[in-house]
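Here are the chains, one letter per residue:
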Amino acid sequence: GNSVTQMEGPVTLSEEAFLTINCTYTATGYPSLFWYVQYPGEGLQLLLKATKADDKGSNKGFEATYRKETTSFHLEKGSVQVSDSAVYFCALPPGTSYGKLTFGQGTILTVHP
Amino acid sequence: NAGVTQTPKFQVLKTGQSMTLQCAQDMNHEYMSWYRQDPGMGLRLIHYSVGAGITDQGEVPNGYNVSRSTTEDFPLRLLSAAPSQTSVYFCASRHTSGGNNEQFFGPGTRLTVL
Numbered sequence: 001g002n003s004v005t006q007m008e009g010p011v012t013l014s015e016e017a018f019l020t021i022n023c024t025y026t027a028t029g030y031p032s033l034f035w036y037v038q039y040p041g042e043g044l045q046l047l048l049k050a051t052k053a054d055d056k057g058s059n060k061g062f063e064a065t066y067r068k069e070t071t072s073f074h075l076e077k078g079s080v081q082v083s084d085s086a087v088y089f090c091a092l093p094p095g096t097s098y099g100k101l102t103f104g105q106g107t108i109l110t111v112h113p
Numbered sequence: 114n115a116g117v118t119q120t121p122k123f124q125v126l127k128t129g130q131s132m133t134l135q136c137a138q139d140m141n142h143e144y145m146s147w148y149r150q151d152p153g154m155g156l157r158l159i160h161y162s163v164g165a166g167i168t169d170q171g172e173v174p175n176g177y178n179v180s181r182s183t184t185e186d187f188p189l190r191l192l193s194a195a196p197s198q199t200s201v202y203f204c205a206s207r208h209t210s211g212g213n214n215e216q217f218f219g220p221g222t223r224l225t226v227l
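Respectively, the protein sequence lines represent chains S and E. The numbering of the first sequence is the numbering used here, which starts it at 1 and goes up by one. The numbering of the second sequence is the numbering used here, which starts it at 114 and goes up by one.
Chain S with its partners taken away, still in its complex shape (with noise of 0.2 Å):
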């Protein structure tokens, strides 16, 4: 079945810091691929997509490219900034419509002054 790993938390970086968050992932076939952001006391919200190889996802300042060959969708950003403290979760949709979206554990990030 579908799964993705994420690297263990929580990060704690200053501010304008260099960013990497990495994700790996097991499917079947090649599936969209998904970076959620967790603000605290919020939901879930979407952060950046990339829908098939060598694709690149960017919002926001944060960047994600689709490795095929490496399986993997490693959330990337320059210079972090205090606001974007959150958790971080990889994602993996079904690729079937009633499946259900396969999610990494989260990576806590935490961006000092």
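Please keep in mind that the hints were generated in silico from the structure rather than gathered at the bench. Only a predicted model underlies this, so the values are computations on that prediction, with no experimental measurement involved. Just so you know, even glycine gets a beta-carbon here, dropped at the ideal spot from N, CA and C. Any given hint could be a false lead.
Computed beta-carbon distance windows for the label pairs [unchecked claim]: (1) S:T20 <-> E:D169: 35 to 41 Å; (2) S:G41 <-> E:S131: 25 to 31 Å; (3) S:G9 <-> E:K127: 31 to 37 Å; (4) S:S85 <-> E:T199: 22 to 28 Å; (5) E:R157 <-> S:E8: 33 to 39 Å; (6) S:I108 <-> E:S180: 33 to 39 Å; (7) E:D151 <-> S:K52: 32 to 38 Å; (8) E:H208 <-> S:I108: 40 to 46 Å; (9) E:M140 <-> S:G41: 21 to 27 Å; (10) E:T133 <-> S:E16: 26 to 32 Å.
Given chain S, put chain E in place with the hints provided.
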């Protein structure tokens, strides 16, 4: 569009009490689901529905009931609350066609069972 809405935002129950968590979406999504989020456990699927009148169990269904009488609404019922059900509950919805659609989440209900 309001998206996915949930009520209440916070709730405190005593053991054995019952309650219903409300969820509604205005995007005409066929698929709706309920998750619970516990520290260190990530998100776990409780129940889901692929359309009005159709529901099924997820990973952790025990102690919860659902029904889907309309496309818009998907309430979650706790029949006899237990402290183990203290958690944050999220409702989510998406279109079913294609299987690669974004899933939209509500803001969550924070439930404490004493």
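Handout entry: Hints violated by the structure (numbers, ascending)
Key = 5, 8, 10
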